[in-house]
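Colleague: Chains as they are written, first to last, in UniProt numbering: chain A, 1 to 66; chain B, 1 to 248.
Hints are computed from structural coordinates only; laboratory data are not their basis. As the structure is a computational prediction, the values presented were derived from the model and not from experiment. Among the clues, some could well be false.
[What the hints assert, rightly or not] Partial selection, computed: residues in chain A whose CB lies under 7 Å from chain B: (1) H4; (2) N5; (3) L6; (4) M12; (5) G13; (6) Y15; (7) Y18; (8) V19; (9) L21; (10) S22; (11) I28; (12) F45; (13) I48; (14) N49; (15) T52; (16) L53.
Virtual Cβ for every residue (Gly too), placed ideally from N, Cα, C.
This is what each chain is made of:
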Amino acid sequence: MQFHNLSDFFNMGGYAFYVWLSYGVTFISFGLLIALSRYKKQKTFQDINKKTLREQLLKSRRSDIK
Amino acid sequence: MWKWLHSYADPQRAYRLSSTLLPWFSYLAFAFIAIGTVWGLLFAPSDYQQGDSYRIIFIHVPAASMSMTAYIAMASASFIGMVWQIKSADWVAASIAPVGAVMTFIALITGAAWGKPMWGTWWVWDARLTSELVLLFLYLGVISLYASFEDKVLAARAAGILAIVGVVNIPIIKYSVEWWSSLHQPSTIKIIEESTMSSDMLYPLLINIVGFGLLLGAITLLRFRTEILARNSMRSWVRELAQIEGAK
Numbered sequence: 001m002q003f004h005n006l007s008d009f010f011n012m013g014g015y016a017f018y019v020w021l022s023y024g025v026t027f028i029s030f031g032l033l034i035a036l037s038r039y040k041k042q043k044t045f046q047d048i049n050k051k052t053l054r055e056q057l058l059k060s061r062r063s064d065i066k
Numbered sequence: 001m002w003k004w005l006h007s008y009a010d011p012q013r014a015y016r017l018s019s020t021l022l023p024w025f026s027y028l029a030f031a032f033i034a035i036g037t038v039w040g041l042l043f044a045p046s047d048y049q050q051g052d053s054y055r056i057i058f059i060h061v062p063a064a065s066m067s068m069t070a071y072i073a074m075a076s077a078s079f080i081g082m083v084w085q086i087k088s089a090d091w092v093a094a095s096i097a098p099v100g101a102v103m104t105f106i107a108l109i110t111g112a113a114w115g116k117p118m119w120g121t122w123w124v125w126d127a128r129l130t131s132e133l134v135l136l137f138l139y140l141g142v143i144s145l146y147a148s149f150e151d152k153v154l155a156a157r158a159a160g161i162l163a164i165v166g167v168v169n170i171p172i173i174k175y176s177v178e179w180w181s182s183l184h185q186p187s188t189i190k191i192i193e194e195s196t197m198s199s200d201m202l203y204p205l206l207i208n209i210v211g212f213g214l215l216l217g218a219i220t221l222l223r224f225r226t227e228i229l230a231r232n233s234m235r236s237w238v239r240e241l242a243q244i245e246g247a248k
């Protein structure tokens, strides 16, 4: 262990702002990208389901007229 | 052998293979990045010149090297898609682009945050920094070209041409610190010779490079699966899967 205590660790030898800015931006960016990618997957599933439902509806109406 | 490889161009098989690989990439990426980051932040010794500010290296170098690796992977996929007309390859390229863009963004931000205390400036217009910025714009160009056509075959061709032409930027980034004088230091990791870095700094760095590579793979697989679904929404297997997964 390079640091004697927790406040020493957070201080990063006086470079706290730059070090934590870098690590913060990195992990927030990764987190956002992963969240967005997962949301897009779920959204795609829902869009496909909507399309299937609409087609079924159209088909059933067409058979009603006949 | 090539026939066997070719069968993975089939969307359903590609989807299944990605689903099998995704958890492995995800867990391994998490483990590697956790170990590399904790090691780098807590246990690696301070630098005798740069103090603790150098600890940014454990994310800056992995992000920068993966930004270039991702670009080469994306351009190769585009090339395969264009020459052999394999749609799955185009979808791979489209899936890598946003991940590569984020890697480039991280490399630029962490570079600036490291440059400020060490060089006294957030940014200089020198060869290394400028060519990395151009890389970000290339990624953004590829992403927006792919998004701006309704016909995705046409979109993949347009984005693919930009991706392939942009490869010329990669050696410029790589060798910029040798060709031109720069504030940026030359690389400390060498493949053939011994690295100019002590091993208790080098190991966490290498672990994080592998970790970032695995993460790049994991997010690409996740996005590739979505791309397969969106492009094959008329297929019955996709519809059946959507019924099960969409309800969640």
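Colleague: Next, verify each hint and record whether it holds.
Modeller: Verification of the supplied hints:
no.	hint	in the structure
1	H4	12 Å, violated
2	N5	12 Å, violated
3	L6	11 Å, violated
4	M12	4 Å, holds
5	G13	4 Å, holds
6	Y15	4 Å, holds
7	Y18	5 Å, holds
8	V19	6 Å, holds
9	L21	5 Å, holds
10	S22	4 Å, holds
11	I28	10 Å, violated
12	F45	4 Å, holds
13	I48	4 Å, holds
14	N49	4 Å, holds
15	T52	5 Å, holds
16	L53	10 Å, violated
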